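Enquirer: Residue-level listing of the chains:
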Amino acid sequence: MADRPLSAGRTAAAILVLALVVGLAGDACHVAAGTTRYEWDGIPTLWKSAIWFPVALSGAVLAAAWLSERAGTQAVRVRSRADAVAGAAVVLALYAVTALLNDVPTTVSVVLVGSIAVAVWAWWDPSPGALAVAAGAAVLGPLAEIAVVAAGASSYGDPVDGLAGVAPWLPCLYFAAGAVAARLWSAIADPG
Amino acid sequence: MADRPLSAGRTAAAILVLALVVGLAGDACHVAAGTTRYEWDGIPTLWKSAIWFPVALSGAVLAAAWLSERAGTQAVRVRSRADAVAGAAVVLALYAVTALLNDVPTTVSVVLVGSIAVAVWAWWDPSPGALAVAAGAAVLGPLAEIAVVAAGASSYGDPVDGLAGVAPWLPCLYFAAGAVAARLWSAIADPG
Amino acid sequence: MADRPLSAGRTAAAILVLALVVGLAGDACHVAAGTTRYEWDGIPTLWKSAIWFPVALSGAVLAAAWLSERAGTQAVRVRSRADAVAGAAVVLALYAVTALLNDVPTTVSVVLVGSIAVAVWAWWDPSPGALAVAAGAAVLGPLAEIAVVAAGASSYGDPVDGLAGVAPWLPCLYFAAGAVAARLWSAIADPG
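Chains as they are written, first to last, in my numbering: chain P, 1 to 192; chain B, 193 to 384; chain R, 385 to 576.
Think of the hints as simulated: they come from the structure by calculation, not from any bench.
These numbers come from a predicted model, not from an experiment.
For glycine and all other residues, C-beta sits at the position ideal for the given N, C-alpha and C.
Each hint should be verified, as a subset may be incorrect.
As the list claims (entries may be wrong) - Label-pair distances were calculated between CB atoms; the ranges are:
1. V268/B / R70/P: 35 to 45 angstroms
2. V78/P / D574/R: 20 to 30 angstroms
3. G234/B / L67/P: 46 to 56 angstroms
4. A356/B / V76/P: 43 to 53 angstroms
5. A528/R / A13/P: 37 to 47 angstroms
6. V76/P / S347/B: 54 to 64 angstroms
Stated by the list, open to error - Computed footprint of chain P on chain B, listed as stretches where at least three residues anywhere in the stretch have a Cβ under 8 angstroms from a Cβ of chain P:
7. 241-255
8. 330-343
What the hints assert, rightly or not - A few chain R residues that don't get close to chain P, going by computed Cβ distances all over 10 angstroms:
9. A396
10. L408
11. A416
12. A417
13. A459
14. A535
15. A573
Next comes chain P alone, as it looks inside the complex (with noise of 0.2 angstroms):
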């Protein structure tokens, strides 16, 4: 983990390559436990993905990471390379705790994303603009989604399509990656 400042260049680099693992791995997950499906046929695939969606995510993920710098919020905790590798872990780890909870009360689903979200907020960089980007994630990301499904390119598995068609989990998984995106630019360009 070098010290040395990134160029723009490199630090997006490095955070569509960080995102593109994280959705692809995170999304095959979905895919496998039929927690999620693709419904259209001939789209090209990316292990078990539509291209579409892990070129979708990280460039949300690049945009928020950027506009987040941008905005000059100021943070709590200065993050570093090795944190941002420790954030994008847990991120696609509750990623893939979210495709085991399809046969799970939807109470005990939500609680359970919901205190790792916030907890994964209060550990990566508990500041009032890590949480207005997590919570912008939080309701954009699911629009996003539901608007995905009712055009019918995707869609949840039956037990867990009660938020008007996705997952009532998924404003917390998106919460989660919010708060980490939001200091992702700093920690790989200019870790302290």
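Given chain P, put chains B and R in place with the hints provided.
Expert: Only chains B and R this time, still in chain P's reference frame:
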């Protein structure tokens, strides 16, 4: 997360709110999963809990937090208000995890909840003082619940009532909650 | 948690005890859940393990800890004795989690255990040295278990024997254990 000290009254109120949220959400998981049942009719409920449960639990957490502070044992780690949120969220996540363990062999559930509880203590404040509060909670909490079950007010589901009517992993869950409660007062009243 | 340095003999004894507790409790989870079975009769058992398993595992952990210390690679984070307890508890929790994954798709179990293993390394000591020990453990540990299974001394349950007779997530579990073992000697002998 303001850094100014809080009055004793406001600190107590903050602890009660935190304990109420964790207790209600965790108990809702247990009721939803069939881990526990309330047996008396005609008692007012709050979310999924009979009203006496969150009242008793919040009072016990506040008492543990205040007595630990008064006892003046030395903390190894100074905790902030954000840490208090993280600690409460981790205890709630462990609470929700226990609601997933109804069909799991007792060996696995006890080792899982016990090892996470030890990790919570070693992360939050690995001091002899916090260990004493955690151990006390691990004894007194399950004893109180055993008395409640014996009185017929509530019961644990069939496969998880092997410890005198309560779940074998219950002492581990109280251990984790006690460890965090031990430094909750100082974390909220006058964070470092 | 006293801060005085320990002699090499006492450090080795402490590591053996820690590894024995984690190995016995974790293996008890695997046996209880049907993840693994011991196949030879007439071998003395300790808890649920044939006696050779905790002996071999403790010896391997001690060797990894001592060789990592002797190799003199540089740690990024100085770890305390309390951290050693936390690290051992986290590895044991992950060990217990693997006992819950017998009916889970391989993609989900490998991504879950793998992402937690990476997070353990990035939290405990995100150094190239600890990464090398973790990677070595992820190769040598499963190879040794594959040989044990091939010799007929033990076996993995039907749905989790897809990696030459052992579980596909086994390298990830050894990775996490190896990462922690890499700095166990210094954490216990002479904590910072």
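Enquirer: Run every hint past the structure and note whether it holds.
Expert: Each hint, compared with the structure:
{"no.": "1", "hint": "V268/B / R70/P: 35 to 45 angstroms", "verdict": "holds (39 angstroms)"}
{"no.": "2", "hint": "V78/P / D574/R: 20 to 30 angstroms", "verdict": "holds (28 angstroms)"}
{"no.": "3", "hint": "G234/B / L67/P: 46 to 56 angstroms", "verdict": "holds (54 angstroms)"}
{"no.": "4", "hint": "A356/B / V76/P: 43 to 53 angstroms", "verdict": "holds (45 angstroms)"}
{"no.": "5", "hint": "A528/R / A13/P: 37 to 47 angstroms", "verdict": "holds (39 angstroms)"}
{"no.": "6", "hint": "V76/P / S347/B: 54 to 64 angstroms", "verdict": "violated (44 angstroms)"}
{"no.": "7", "hint": "241-255", "verdict": "violated (count 0)"}
{"no.": "8", "hint": "330-343", "verdict": "violated (count 0)"}
{"no.": "9", "hint": "A396", "verdict": "holds (29 angstroms)"}
{"no.": "10", "hint": "L408", "verdict": "holds (26 angstroms)"}
{"no.": "11", "hint": "A416", "verdict": "holds (19 angstroms)"}
{"no.": "12", "hint": "A417", "verdict": "holds (15 angstroms)"}
{"no.": "13", "hint": "A459", "verdict": "holds (12 angstroms)"}
{"no.": "14", "hint": "A535", "verdict": "holds (32 angstroms)"}
{"no.": "15", "hint": "A573", "verdict": "holds (24 angstroms)"}
In this structure, the hints that do not hold are numbers 6, 7 and 8, in rising order.
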